[in-house]
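> Starting from the known structure of chain A, arrange chain G on it as the hints suggest.
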Amino acid sequence: MSESAPTAAETRRIAEEARDRVRFEEEALELSDQVYRVARRLVTTREEAEDLVQDTYARAFRSWQQYQPGTNLRAWLLRILTNLNIDRGRRAQRAPEQQPLEEGDYYLYNRLESTIQDDNPDEERVLERLSQNAVVEALAEVPHDFRDVLVLVDIGEFSYAEAAQILDIPVGTVMSRLHRGRRILKRELAEKAVTG
Amino acid sequence: MGCGCSDCEKMMQPYLDGVLSDEQIREAKEHLARCPGCEKRYRFEESLRRFVRVAVDEPMTPELKARLAGLRTSAR
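Residue numbers (the working numbering), protein chains in the order written: chain A, 1 to 196; chain G, 1001 to 1076.
The set of hints was computed from the structure by calculation and includes no laboratory data.
Careful, some of the hints might be misleading.
Stated by the list, open to error - Label-pair ranges, simulated between beta-carbon atoms:
#1 G:E1027 - A:E16: 52 to 62 angstroms
#2 A:A58 - G:E1027: 23 to 33 angstroms
#3 A:E30 - G:E1046: 27 to 37 angstroms
#4 G:K1010 - A:E191: 42 to 52 angstroms
#5 G:D1057 - A:I86: 23 to 33 angstroms
#6 A:K192 - G:D1017: 21 to 31 angstroms
To be verified - Partial selection, computed: residues in chain G whose CB lies under 7 angstroms from chain A:
#7 E1023
#8 A1055
#9 R1072
The beta-carbon is built from N, C-alpha and C at its ideal position, and this holds for glycine as well.
Chain A on its own, in the form it takes in the complex (with noise of 0.2 angstroms):
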């Protein structure tokens, strides 16, 4: 063995960072599914999600090594999507729309219910009113910032406090953007079930 050979500690490490590297890879595509399936609903299009969900696992791919092992990938990966949609041209928006909303939480059941011949019909028949394209529709309806935190709260399940850290704002802010993106979402499947 010539003197330029590694050291037998070396070797180890070399090795050891190959295995974490390929556990990293292989923790992050199993999370696949789940990060594009809330990509799919922060853009409009298959093909805008596509891109966003690739160029999020080069950019983690990358840059794994910024990853601190124990702490949430999807939150991680997700954080990364986020700023990468910003970065292509999605600007947050400067004001939130910021009118009281009139549309409280019970509008959509009152206005569904309504169109219903039946004096008091269970709620399963009242959500029958609504298609599923009804639903795809209004949430792209949903202006962004309440749409990126309806998104992942309740379609991608991220907690209020793991939404604030994707999103870099406060857990109130997440909070108080939910309750009015439901609304808004409610308000929109209401217009669509009625007229459409």
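The following block gives chain G in isolation, referenced to the frame of chain A:
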């Protein structure tokens, strides 16, 4: 239209999210036990959340999955 229970309407989202205090949960439950109109609207909201989650789900294509696997640096 509506059951006029505006406090109960405002409590609905935090109640279903599980972020109310024990005292508030007790108050909400007492009201719901007395008010079938609110109770039905709470059940509707729960079903709606599930319905939304399922309705917007669009799985990724196998092609994208393969492209992501191809991005692995350790596989090269």
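> Which constraints among the numbered hints does this structure fail? Numbers only, ascending.
As far as the earlier hints go, 2, 4, 7 are violated by this structure, in ascending order.
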